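Residue strings, one per chain:
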Amino acid sequence: MSASAPSSGLFDCRDAYVRAVEELAIADDRIVAVVNDSVGSSKLGKFRDRFPHRLVNVGIAEQNMVGIGAGLANGGKIPFVSGASCFLTARAMEQIKVDCAYSNSNVKLCGISSGVAYGELGATHHSIEDVAWLRAIDNLTVIVPSDPWETAAAIKAAAEMDGPVFIRISRMPVPQIARAEGASFAIGKAEVLRVGNDLAIIANGTLLHQAVAAAQDLAAEGISARVVNMATVSPLDAEAIAACAATGAIVTAEEGLASGGLGGAVAELCARHHPVPMRMLGFPGFLPTGSAAWLMDRFGLNANGIAAAARELVGR
Amino acid sequence: MGTPQQYPATGDAALDIGGKAQRARHVGERANWMRRRLLGMIVAAGQGHPGGDLSATDIVAALYFDILRFDPTAPLAPSRDRFILSKGHCTGALYTALAGAGFFPEADLDTYLQPGSRLNGHPNRTYLPGVETNTGPLGHGLPVGVGIAVAGQIDNADYRVFVLTGDGELQEGSMWEAAMFAGHRGLGNLTVIVDRNRLQQGARTEDTNSLEPLGGKWASFGWQVVEVDGHDHAALLAAFDDACAPRNQPRVIIANTIKGKGVSFMENQAGWHHGVPNPEQYQQALAELEAEIHA
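Going down the list, the sequences are from chains Y and U.
Start counting the first sequence at 1; every next residue gets the next number (my numbering).
Start counting the second sequence at 1; every next residue gets the next number (my numbering).
Note that these hints are calculated values from the structure, not bench results.
Remember, it's a predicted structure, so these values are computed and weren't measured experimentally.
We put the beta carbon where it would ideally sit given N, CA and C, even for glycine.
One thing to keep in mind: the hints can contain errors.
Stated by the list, open to error - Derived CB-CB ranges, DEER-like:
#1 U:G216 <-> Y:E160: 24 to 30 Å
#2 U:E212 <-> Y:D162: 29 to 35 Å
#3 Y:H273 <-> U:F265: 40 to 46 Å
#4 Y:D162 <-> U:E29: 38 to 44 Å
As the list claims (entries may be wrong) - Below, computed lysine to aspartate or glutamate pairings styled on DMTMM-like, alpha-carbon distance capped at 25 Å:
#5 Y:K46 <-> Y:E22
#6 Y:K156 <-> U:D155
#7 Y:K46 <-> Y:D198
#8 Y:K46 <-> U:D155
#9 U:K217 <-> U:D242
#10 Y:K46 <-> Y:D15
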C-alpha cells in the first residue's frame, strides 16, 4: 500500500482536531486557542468566528506564543497552543521546557502539519525531530494520534488532564483505523490492534494504518504479527512493550527520525528489560525535496517497507 | 505622575494609616531586612547573585510589602495580583520577600541552595508557594506575564500583573516579542519594572549591546513609560500607585538602580554579579546596613 494511494476514505486529522477543540470550547469557557498567524493552517477560522475573544493570535512569534500559553494557564485558562510543528517545537523549545513542562503549566501544545507534511518545502519545514526532542523533556506528555477518531479523543483527554501535553497533528491523508465497538483512548495506554506471535509491529501516527496493512500482507505469508498503536510516546506503556518483546522481535515505524523518537523509546526500554532484535523505521536525517507521499515511499515508510523489515527480522 | 490611588489594604499595606511617608518608611525597613537576610543566605550557601539581588531589593519590597494584593495562605487564589521575577537569578530578593510576606516560614531561608532545598538558585513554582512561573533562562518572564494579563483581559478580571526584568535581559528577543504584543493588546493590567542597574554579568550594558534610548524603545512598542529612582521608596510607591490606575496601555517603570546597592564595596561593581563576601566583608556589609536603620 502506497502512502500516495488516493482514496475517498482518507481524512485530514486537522479537521478532527478543530472539531474537538470547538466542542470543548462550547462546553468550557476556559478553553482558548493561541496561534502564531496560523489560523488558516490550523483550520481555526470557525473557532475564531465563534469565539473571537478566545482566539489569541500573537503573530509570528513562537517563543512568545508558548510563554503566553503558560501565562494563560496561570490565569485559569486551558490554552490550545497551535502552530506548525517545526516552528512550535524547535523555535520555542526552551519555553516548552521551562514555561510548560518544568513549571507544570496546563498548556496543550498542538504541533500541526508534523513530520514531512510540508515535503516540498524542504528540511526547514519538516518536523521529523519533534518527538525525539520532546520526549527528552520530563513532565511532558507526548501523543501522536493516528486518525480522526484518535485525534479527537487525544484532544479531549489532554483537556481533561491537568498538565502540559504535546499532540502531534498530521495533515497527511489517513484512513480511519478499524476498531472494535466501544474502543476507548487513554493517555499512556497502548492499543493492541492485532494479536500475533512471530513479531510485533509498534507504530503510531500516519504509519499506523501502514502497519495494519503490513500485518495483513505478512499473515498471507504465514507470518503472525502483533500490531500495537503506541500513540503516547511519553509516558511509554512499558507493559505493552513487554508483551511485544515476548513475540521475540519488534519493528517500529514512525513518520519521524529513525532514532530518538518512538523507535528509540522502545529500544531503550527493551535494551534494559527485554532485549530482542529490532528494526526501527523512520527517516535518516535531513531529507531531499519531494511530496510527503514520495518521501514516505522513498524511505520505505509504508506497508511494503514494514513487511520487508519484518521478514528480515524473522528470517524469512 | 498622576494622583496616587489608594487600594484596599491587604497584608502589610493594612499598616498604611499614616499616608505616603509611613508607607515608604515601612518598605524601607523591610528592604533593609531583606538585604541583611539575603547576604547571610549567600554567605551560608557559599554562592549567589548579590549584585542583582541588591539592585532589585527596594522594588521587590515595595511590591510585596505594600502594592501587591495576595493571601499567602491561598497562593493560587484566582484573584491574586501576580509578580514574576523574569530575572530569575535574583532569588535572594524574591525569597526574602516571599518569606517576609508569609508564603513560607522564614527559617526556610536558611536552606537556600542547600541540597534538596525548595529554595533553588532559580525559583520553582511546583514546590515553592508564591512563585508564579519558573524562571532562570532570561527572556521568559515577560511572555508569561503577558499571557496572564491576556487571561485577565479576556475575563475582565481585577488582578494586576507585575514583571521585574533585568536590563541586560532586554537583549533577549523574546522580551520584545512580548512587549510588542502587550502594546498591541493594550494590556492596562500589566506593569513591567526594568531593574536598570546598567551592568550585565560581564560588563556595562551600553558597552555590550546598548539599550538606549530605552524609554523610546518601549514607547514605540505602545507602552507608557515612567522613570524613577529604583531605591527611593516613596518614588517607587508613587509610580506603582499610578501604574495601578485604570489605563488601556501597558506601563513600564524604568527603575534606575545601583547594582550591589547598600553595600559600599559592591556598588556598581560587575564583579559582584556572582560572588560571596568573606567574613570580614560580610561584617562590614551588615554594619553599613545596620547603620542605615539608625540613620
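So, going through the hints one by one against the coordinates:
Separated by about 47 Å at the C-beta atoms, G216 of chain U and E160 of chain Y break the suggested range of 24 to 30 Å. For the pair E212 of chain U and D162 of chain Y, the supplied restraint of 29 to 35 Å is violated, since their beta-carbon distance comes to about 44 Å. For the hinted restraint 40 to 46 Å between H273 of chain Y and F265 of chain U, the CB-CB distance of approximately 58 Å leaves it violated. In this structure the supplied range 38 to 44 Å holds for D162 of chain Y paired with E29 of chain U, their Cβ-Cβ distance being about 41 Å.
This hinted pair checks out: K46 of chain Y and E22 of chain Y have alpha carbons roughly 8 Å apart, not beyond 25 Å. Taken as a hint, the K156 of chain Y and D155 of chain U pair is honoured in the structure, with Cα atoms around 23 Å apart against an allowance of 25 Å. A C-alpha spacing of about 48 Å is found between K46 of chain Y and D198 of chain Y, which places the hinted pair above 25 Å, so the restraint is violated. About 21 Å separates the Cα atoms of K46 of chain Y and D155 of chain U, which keeps this hinted pair within 25 Å; it holds.
Distance hint between K217 of chain U and D242 of chain U is fulfilled; the C-alpha atoms sit about 21 Å from each other, no more than 25 Å. Between K46 of chain Y and D15 of chain Y the CA atoms are separated by roughly 11 Å; this keeps the pair inside 25 Å, and the hint holds.
Comparing the model with each earlier hint shows violations of hints 1, 2, 3 and 7; every other hint is respected.
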